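The sequence shown begins at 7 in the working numbering and counts up by one.
Incorrect hints may appear among the rest.
Only pairs whose alpha carbons sit at most 27 Å apart, straight line, appear in this in silico DSSO-like list of lysine-lysine [what the hints assert, rightly or not]:
{"#": "1", "residue 1": "K14", "residue 2": "K44"}
{"#": "2", "residue 1": "K141", "residue 2": "K243"}
{"#": "3", "residue 1": "K73", "residue 2": "K28"}
I should point out that these hints are in silico values taken from the structure, not numbers from a laboratory. Keep in mind that this is a model prediction, so the values were computed, not measured.
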Amino acid sequence: MIETLQHKGIIPNGNYELVELKSGTTSGRVYVISGETKYILKYDEPVSIGIVDQFYRAYGQVDLFPKVYEVDSKEGWLLYEYVDGTTHTNRGPKSEWMKLLVTGIFNRYKAYDPQTPWGRVGSEPRPTWSDFNRKSLEYAYENVGDILPYEDYAMMKGIVEELSLYDAEEVKYYLHGDTGVHNFVFQNDCLVGVIDPSPMIGPILYDFTYAFCSSPDDLTLETLLSSFSLLESVQMKTPRLIKEVTFQLYTRIGICSKAHPHDLDAYLEAWVYWKQLLCDLEKTTV
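Work the whole structure out from these sequences, hints included.
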């Protein structure tokens, strides 16, 4: 493959090493092409490669997304920029990387065709955003199991139905769809890249709350509000925002129990904090 890329003039001549990356956070096979310059080569189903390529090209002016060098949708591979750094770790304060996400990506999201269904591109379409949320809740409930009491699930079910009242106000945007720390590249405690999109049509708030809840540190109302204040296309009152985040946190605990059990205790501490915020909301509305 390296010789083919060199023959086409896509990468310069020289000695390169092809090393497969072992990762459970992305589909397909991913390799690093290492030489004087590094590249990422990803193989996947042709349809999946096409979806990712289309997303990256739609946001080619967003510096936090890697640059695409070459794609072959028929053969099912994509060559793109290697972003130097580490995912998950050495990320610095959440308020700092959330600020970069909001100003560098979320505020640059493009509105999408209103006739397009909600949900993952290339996956099962959803007629409403609340329908997507209901499916997410049921999936989370299966993974949460007995980690949290049934009453918490019932509370989330009520919140999803309450939030469904805003369906008519939701605007469709073309989202990354997997904005978590596992896809954030950090260097010297600073966010330098966002990789591995799972493109979807949804409200900007989805990627925002997903990012906020993707690590158990700094899950405070203060951090949330400071980040939310930077969003240019999303306005809502704090009570609704608290409910949106608490629902996202519940789904995150479901993911965590399955994929990141080492973070579970910290998430459960955060869950107590956000449940109390919900209780405080109820007291103020009585």
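request  = Quick one: which hint numbers does this structure break? Sort them smallest to largest.
outcome  = Checked against the structure, no hint fails, so every one of them is satisfied.
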